[in-house]
Amino acid sequence: MRHKILTVDDSKTVRIIVRKAFKAFDCEILEAANGVEGLALAAKGSPTLILLDVTMPVMDGVEMLAKLKADPALKGIPVMMLTAEGGRDNVLKIAKMGIRDYIVKPFKEETLVEKAGRIIELRSLADAPSKVRSILDPATLLIVEDKPAIVQQIQDGLKHTPWKVHGVTTQGEAADFCTKTPPDLIMISLSLENDAALTLFRLVRTNPKTKFTPVFALVVKTETAPQQAAQAAGFTAIVTKPIDLIDLEARIAKAMNLDTSHRYFSVDGNCTVMQLPESCTQSVIAEISTYMKGKLAASVDAGHNKAIIDVHKLKALHMGVIKLLLQAMQTCRELGVRYVLVGNPQIVAECRGFEDTRSWNFQNSSEEAKDHLSRAPALAESV
Amino acid sequence: MPATQVITESLIRENIHRAIADVLKTMLGRDCEITTAATQGTLPASQIRGTDEASSPQVVGTVGFIGDINGLIYLYFPLRFAEICTGQLLGLDEAELAQSSDEIVNDAIGELTNMSVGSFKNKLCDAGYPCMLTIPSILRGANFCVEPISSAQRYIYSFDSNGHRIVADILVKCVD
Numbered sequence: 001m002r003h004k005i006l007t008v009d010d011s012k013t014v015r016i017i018v019r020k021a022f023k024a025f026d027c028e029i030l031e032a033a034n035g036v037e038g039l040a041l042a043a044k045g046s047p048t049l050i051l052l053d054v055t056m057p058v059m060d061g062v063e064m065l066a067k068l069k070a071d072p073a074l075k076g077i078p079v080m081m082l083t084a085e086g087g088r089d090n091v092l093k094i095a096k097m098g099i100r101d102y103i104v105k106p107f108k109e110e111t112l113v114e115k116a117g118r119i120i121e122l123r124s125l126a127d128a129p130s131k132v133r134s135i136l137d138p139a140t141l142l143i144v145e146d147k148p149a150i151v152q153q154i155q156d157g158l159k160h161t162p163w164k165v166h167g168v169t170t171q172g173e174a175a176d177f178c179t180k181t182p183p184d185l186i187m188i189s190l191s192l193e194n195d196a197a198l199t200l201f202r203l204v205r206t207n208p209k210t211k212f213t214p215v216f217a218l219v220v221k222t223e224t225a226p227q228q229a230a231q232a233a234g235f236t237a238i239v240t241k242p243i244d245l246i247d248l249e250a251r252i253a254k255a256m257n258l259d260t261s262h263r264y265f266s267v268d269g270n271c272t273v274m275q276l277p278e279s280c281t282q283s284v285i286a287e288i289s290t291y292m293k294g295k296l297a298a299s300v301d302a303g304h305n306k307a308i309i310d311v312h313k314l315k316a317l318h319m320g321v322i323k324l325l326l327q328a329m330q331t332c333r334e335l336g337v338r339y340v341l342v343g344n345p346q347i348v349a350e351c352r353g354f355e356d357t358r359s360w361n362f363q364n365s366s367e368e369a370k371d372h373l374s375r376a377p378a379l380a381e382s383v
Numbered sequence: 001m002p003a004t005q006v007i008t009e010s011l012i013r014e015n016i017h018r019a020i021a022d023v024l025k026t027m028l029g030r031d032c033e034i035t036t037a038a039t040q041g042t043l044p045a046s047q048i049r050g051t052d053e054a055s056s057p058q059v060v061g062t063v064g065f066i067g068d069i070n071g072l073i074y075l076y077f078p079l080r081f082a083e084i085c086t087g088q089l090l091g092l093d094e095a096e097l098a099q100s101s102d103e104i105v106n107d108a109i110g111e112l113t114n115m116s117v118g119s120f121k122n123k124l125c126d127a128g129y130p131c132m133l134t135i136p137s138i139l140r141g142a143n144f145c146v147e148p149i150s151s152a153q154r155y156i157y158s159f160d161s162n163g164h165r166i167v168a169d170i171l172v173k174c175v176d
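These protein sequence lines map, in sequence, to chains R and H. Under this note's numbering, the first sequence has 150 at position 150, and the numbering climbs by one with no breaks. Under this note's numbering, the second sequence has 41 at position 41, and the numbering climbs by one with no breaks.
Check the hints yourself; a few may be wrong.
What the hints assert, rightly or not - 25 Å max Cα-Cα, derived SDA-like pairs, lysine to any residue: (1) Lys370/R x Ala297/R; (2) Lys23/R x Ile34/H; (3) Lys108/R x Leu97/H; (4) Lys108/R x Ile135/H; (5) Lys20/R x Ala152/H; (6) Lys159/R x Ala297/R; (7) Lys159/R x Thr169/R.
Read the hints as simulated data drawn from the structure, not as lab findings. Remember, it's a predicted structure, so these values are computed and weren't measured experimentally.
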């Protein structure tokens, strides 16, 4: 799993030092200059560790930390303070807000890396996988769960993926499995008897073959004490029962650092196709947005200068989708890509109701869109 | 927490010396020794900067602290030394440094000042004077001097780091 470290500091100097400190490790550094940017990047970029300064303009680190801890989706991200603000009382006050460590500046880069390494598994670049894996590549998932119905539910929910999902019921079987066939991801039920989940987790982390394997904890939503224990032990993610299988699939893809762009981007002849799914949640929009510019630029680089923005599967229009489509169109214009929209009657009708989208013209199908794009450029651009 | 120590000149001197020496050693691997000290009054610009560097441009980092004790610390770095510190801090060689903008040097000096003042004021916090840092700012110029308000105590110290001079100009005002 490739870690993402978010450094939130108004000093570009500190952000450069952080980047320098981790350059030998397989991790991506995200940068924010204040708490507002930090919160936005924490939501969008899903970092595995946040390094947080205190004194910053716009929103300081204490306020950002409070907002982070109040957000159910973000509160699990470990935070390490990296700040010149270090009086005993200040440190105690901030420590009580739920941070994993506190470094007072000045600091040595080695200290930063060493302390971060206690929270996330840092892997040197030499050990990193050389090729980015995609959502279309096969993978082996191991579920350690004593309730067969849960294993079955996950197997059924993921059967459309190329992943092989294996279920075992005991810690011993899991240890054997990991030795013979190191899985790409492990899910361990916290309801295994005698704290077997935590014991197994430690075994997984001490086995060189599974040292960096993402490990999810499976637990009933209301059982907060085991969740906290799993979080403190360093489980990659907590998955609560009843399991939301769509969300689980997205989290697995993220934890295995899979390229998911194939879900939304494809090439049809000499056209790049960007297709939105039925339901565009915030995480889907963030995912598409992350890939968009790179995919369109790569397609221009390959000699394709036409794009179809296909929303015919979409069931409902909302502000997030509108912003995403505006961003797609703007990116196309910047790259000199000719584009057309494909929609369904409901979406077309909804677009008529908004000032910003009223003038959008849609084609009814991909075939019509391709036909439209094959005509003279002046006629093709639809917006 | 009640104050456990009275703010004296020796406390200020030891504290700023420790803070600057710690920051330079930890972040830049440089040694630093205190050379001269003066208190009170307004010193001419040339005396603050030293006669040899009187006409050279300075990069001055400023960070304040506010709370039960208020104050402001200016750290004067001659431009050439500010560039050397920036290069060492960010791992830039001379050519990379020459290509980088003034903002890089400003930001680096702002951060070194932030760390130094942070280290200085954290000791004051632990001595019973809780206070918080302000955001750093930068002054650049060759011919200016700072006029303190009359109610503030002023302490000025010069430091030597391998032949380069740094001046700390400290203004402190205790809250009644």
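Here is how each hint holds up against the structure:
{"no.": "1", "hint": "Lys370/R x Ala297/R", "result": "holds (20 Å)"}
{"no.": "2", "hint": "Lys23/R x Ile34/H", "result": "violated (36 Å)"}
{"no.": "3", "hint": "Lys108/R x Leu97/H", "result": "holds (22 Å)"}
{"no.": "4", "hint": "Lys108/R x Ile135/H", "result": "holds (22 Å)"}
{"no.": "5", "hint": "Lys20/R x Ala152/H", "result": "violated (41 Å)"}
{"no.": "6", "hint": "Lys159/R x Ala297/R", "result": "violated (33 Å)"}
{"no.": "7", "hint": "Lys159/R x Thr169/R", "result": "holds (20 Å)"}
The structure does not agree with the numbered hints 2, 5, 6 stated previously, though it agrees with the rest.
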